[in-house]
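Trainee: So the chains spell out like this:
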Amino acid sequence: MFHIPTLEELNLIGALPAIALAAWAVILLILDLFVPKDRKQTTAWLAIGGIAFAFVANLLVFNNNSDAFSGLYRADAFTGMLNIAILGSSALGILLSMDYLKRTGMERGEYYVLILLATVGMMFMAGANDLIVVFVALELLSIPLYVLSAFRTNDLKSEESGLKYFILGAFASAFYVYGAALIYGATGTTQLVEIFSSISVAVSGGGQSVVLLLLGSGLLLVGLGFKVAVVPFHTWTPDVYEGAPTPLVAFMSVGSKAAGFAALLRIMIVGLPTLMVEATDLVAAWQTTVWLIAAATLILGNFVALSQTNIKRLLAYSSIAHAGYIMMAVAAAGTPGVGDMAARGALIYILAYTFTNIGAFAVALAIEKNDGTGTDLKDFIGLSRSRPILALMMAVFMLSLTGIPLTGGFIGKWVVFQATLDAGLVPLAVIGVLTSVVSAFYYIRVVVNMYLADGEGDPAAGATPTVNWATYIAFAGTVLIGILPMLVTALSDRVVLSALIP
Amino acid sequence: MEATGFSLLTLVLFLPMVGFTILLFLREEQAKEIRWTALGVSIITFVASLLLWVGFDQNEPGLQFVQKWDWLPSYGISYFVGIDGLSLLLVILTTFIMPLAILSSFRAHVLEERGRQKLYYMFMMLLEWAMIGVFVAQDLVIFYVFWEVTLVPMYFLIGIWGAEKRVYAAVKFFLYTMAGSILMLLAILYVGLQAGTFSLPEIIAGVQNGTLVFPGDGLFSTQSFLFLGFLIAFAIKVPLWPFHSWLPDAHVQAPTAGSVILAGVMLKLGTYGIVRFCLPMFPDASVQWAPIVGTLAVIGIIYGAWVSYAQTDFKKLVAYSSVSHLGFVVLGIFALNAQGIAGATLQMVNHGISTGGLFLLVGMLYERRHTKDMNAFGGIWKALPLFGGISLLVTLSSMGLPGLNGFIGEFSILMGTFGSDVLGFFFALVATIGVILSAVYLLYMFQKVYMGELDKEENKHLEPLHWQEIAVLVPIVIAILVIGLQPAPFFASMDATVGALVAQVREHIPTVVQVP
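Residue numbers (my numbering), protein chains in the order written: chain A, 1 to 502; chain B, 1 to 516.
Treat the hints as calculated values from the structure; they're not laboratory data.
For every residue, glycine included, the Cβ atom is placed at its ideal position computed from N, Cα and C.
Be a bit skeptical, because a hint or two may be false.
Here are some of the chain B residues that sit facing chain A, going by a computed Cβ distance under 7 Å [stated by the list, open to error]:
| # | residue |
| --- | --- |
| 1 | G159 |
| 2 | I160 |
| 3 | M451 |
Where chain B lies over chain A, by a calculated footprint (3+ residues, C-beta under 8 Å) [stated by the list, open to error]:
| # | stretch |
| --- | --- |
| 4 | 412 to 418 |
| 5 | 429 to 435 |
| 6 | 447 to 458 |
Bound-form chain A, shown alone (with noise of 0.2 Å):
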C-alpha cells in the first residue's frame, strides 16, 4: 500500500542540520532535568554547542544540492544561506539571554530548549519544498515562540504579547492550511516542483483550477504574511515586541522573518512563477498584490516608526519596514527570469539585517533595567560618554538600518533595489529610496541622543561579557558585510532556485 522510502530517498544527510538540532534539542530537554536551578547557564552553553554543531554541519552540505526525505525538504545554497542567518541569530539570541533572564529572575532550563525548537522549525521552513512541511515547520516555529513571549510570567505585558501573538498566530495558520488546501485542490500535489508542473497545463486550460489557485496563493500569503509581519498583518508586531522578554525579540524578529521569507520566496519563485490570470500575461499574477504589499509596508512602517518613543516599539515598526523592503524582492521575483536575483537580494538582506537588528536590540537590552523599563529614546542621552563603544556600535547598526554604505544595511538595500529595477518596478524602487530617507529620521534621533543631546549617560550595567560579545559579533558582522560584501556574495552566487524547476 504504502511505499516506504529508502535510505537514499530520505537523504538525511542533507537535512542534517535541522536534524542534529532536533535531536539535540529532545536531549537537552532532558539533560536540563540534571542541571542545579542556579546554574541554568550550562543548559545555555550546551545549547550553543548544539547551534555549533548544526552551524558546521550545514557549512559542510552548503553545496550539497539534493533533496531529502524524497523531494520534501530540499539542501541547497539557500537553504544554506538562510541556515545561517538562522543559527546565527538563534546563538546570539541565546548569548544575549543568559544573564538578562538571570537579572529579570525568569532563568529557566526550558527556555533555551524552547527557543532550540524554534530555530529548527525556522531550519525545516528554510529548506521546506513542500506546502505541507512549511506548515509542520510553521507551527514547529510559532509554538515555542507563543510561549516565550509569555515568558516574563507576572508582567500582564509580556502576557498581553503571548497571547495575542497565539491568538493572531492561529488565525494565520488557518489561513495558510486553507491556501494549501485550494491549491491542492486545483494541482493535485503539495509538492513545489509538482505545482509548477501542472501549473502550466491549469494557466493554459483556464476556468475554475485558475481561480482556486489564485485564491489559494492569496491566503499563503495572508499566512506567512503574519509571519513575516507585513502590512495589513503586522499590528501583532509592536505589542508583542514591547512585551516578550527582549533577547527573545532580537532572535525572533530576524529569526522568524527569515524563516517566513524563506518560505515565501521558495512557494513563489519554485511553485508559483507562471500563475498566470491569462498564459499570455507577462509577469505573475500575485506580483500587484505583493507589490502592493510592499508598498503599503513600506510607508506604514517606516511612518509609524518616526512617532514612536520608546526603542523596543521603534525597532518593532522598524522590524515592520525592513519587511517591506524585502517584500520589494519578493514582488521582484514576480517577472520571469529575476527569481534568481531576487532571491540572492533577499537573502543578503536577510543576512544583513540579522546581524544589525540583533546587534540593535544588544544595546537596547544592555540599557534596559531589570523590571523591563529603561527603553525609551531618552535613556539612550549621553551614552557615548558613559559607554563609547557600546554608543559606537549602537550608531553603526543605526546607520546600517538607514542603509548608509559601508555597513551590511546599504549592501542589503543595493541588491534588492537592483532585484526590484531589473523587474521593471520602477515605482516600487522609487517608493523604496523615499521611504529610507524618512528611516533616517528615526534612527539619526538614536544616534543624536547618544552623541549630541547633553546629559548623564546610562551606565548600561546589562552590558554583561556575553552581552558585550554577542555585541562585538553583531558588530563584526554588519561591518564586514558593509566593507567587504564579496564574502556574502560569494555565497549567495551559489543560490539557484530556479534549477528546481524540470
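For this one, chain A is given, so just place chain B on it according to the hints.
Mentor: This is chain B only, laid out in the frame that chain A set:
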C-alpha cells in the same frame, strides 16, 4: 589605462585611514599624540598627493593611476579609482585644506571644552578619506559609497563640536543631503542596469559610441529624469539656489575646521559631480537643461551676494558668499565650453582656498572675542596688523581682484558664459553684476571689522597670532599668490581632460555647426 599593481592613488586614498587606525589605538589622554598624528598623517597625504601631480601626464585626457579590484563581482561593481585633469586639482585641494583644518583645531576652544579629541580627529581622517574617494572613484557605486560616507563624520563634527544650535543644524544637514543623494542612488542603479556595468569610463564610452542610449528628447525624457536624479543630489551639496537652506545653518553652527572643510572641499563634491557625471553621461539633457540650471545659478549669484550684504554675523556672511561663488562655478560648467568648465574647475579650487581662508580668519577672531557679530569689531587691523594684512589679501582674493587667484577663475567663467552657445550674453551680464555685488559685501565686511577706529575696549588687547595660526595662514597666502600670478600650470593640467569632455558634450548642442 591598464590596472596592474598597486597605484600611488590607492596609497593617497588610504593614508587617512591609516591615520584613523592609529588614532583608534591611542587613548583619549594622549591628546598631544592624537593631534600630531592627525596632522602628520594629513601632511604625508598632502605630500603623496603632490607626487601624483609630479607623475601626472598632462597630455593624457583619460584616467591615470588607475586601480581596479573586485568589490561585488556578481553585481558588476569594483573598487575602481583613477584621476584625470579634473580630479587631480581637487584631490590636491582636499589634501591641502585638511592639514590646515586640523592644525587650526589645535587651539580651538571648543575642543578643550567638549573634549573627545580622539573622536574628533578620527572623524577628520574619515572625512578626508571619503572626500578623496569621491574625487577619484570611477565606479558609480563606489562613488556613491564615498559620497554618502562623507555625511557621517561631518554630521558628527557639526553636531558634537558645533555652536548653540548644533543639533538642529547637524540633523538638517544630514537629512537634507541624504534626501538628495538617495534619488541619485536610483539613477545610478538604472544607469548601471541599462549599461550592464557601473564603470564610469565604460558607460561614457557607451554613450559616446551609441551603444548605450538614454532617450533624451525634451525636458521630460528618460535622460532628463536620470540627469535630474544626479543633478538634484549635486545641487543640494553645491548648494544651488533654491537648495541652499541647509548651508547657512551648517556653516554657522559648525566648528571652524568643519566650516573650512565644508566650504573648502565638500561643496565642490557637488560641482565636481556635475562635471564628472551629469555632462558626459547625459549630454542631451545637459544641453536642454543648461539654460534652466544657468538661470538658477545666476539667481544664486545675485541672491547670495544680496543676502550676504544683509548679515551682521561674520560667519553667516561668508556662508552666504559661498552660495554666490558656487553659482559662478555652476554657471561656468553649464556654459558647456572649455573656458567655462576649466574656469569653473579652477574656481572650485580658488573658492576652497579663499573661503576656507575666510572661515579660518573668522574662527581666529572668534577664539579671541567669542562673538561673530561684526558690530562688536572695528579697527582690528590696528590691534593685529599682521592678521589684518592677511585678511585683506584673502578678502581681495575672494572678491576676484586681478593678480590674485579669484580673478582667474571668475574671468574665465565669465568669458565662457559670454561665448557660450547655450547661455550667452544675458547670463554673463547678470553674473557680472554679481561680481560687483561681491565687492560690495566683502568691502563692507572688511570696513566694518578691520577698518575704522579701534574704539571698543575689548578689541584693544587681542592676543597676537600664535605661530600655529601663522602656520595655518601662510600656505593660504602662498596658494592665493601662486595661482593668481601663475595660473598657466593649473590650466595646463586639466586642458586635455576638459577639451575631451567639451568635445563630447558639444556634439549634442543642436545649434553648433559641427566642425569635421
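Trainee: Count the residues of the stretch 447 to 458 of chain A whose CB lies closer than 8 Å to any CB of chain B, then report whether that count reaches three.
Mentor: It holds: at least three residues are needed, and the stretch 447 to 458 of chain A offers 4 whose Cβ sits within less than 8 Å of chain B.
Trainee: In terms of beta carbon proximity below 8 Å, does the stretch 429 to 435 of chain A have 3 or more residues touching chain B?
Mentor: holds (count 4)
Trainee: Interface hint check: I160 of chain B, Cβ to nearest Cβ on chain A, cutoff 7 Å. Holds or violated?
Mentor: 6 Å, holds
Trainee: So, M451 of chain B near chain A? Judge it on the closest CB pair being under 7 Å.
Mentor: Violated: closest Cβ of chain A sits about 39 Å from M451 of chain B, beyond 7 Å.
Trainee: Given that the stretch 412 to 418 of chain A was listed as covered by chain B, double-check it with a C-beta distance under 8 Å for 3 or more residues.
Mentor: holds (count 4)
Trainee: Does the closest beta carbon of chain A sit nearer than 7 Å to the beta carbon of G159 of chain B?
Mentor: Constraint on G159 of chain B satisfied, holds at 4 Å.
Comparing the model with each numbered hint stated earlier shows that hint 3 is the single one that does not hold.
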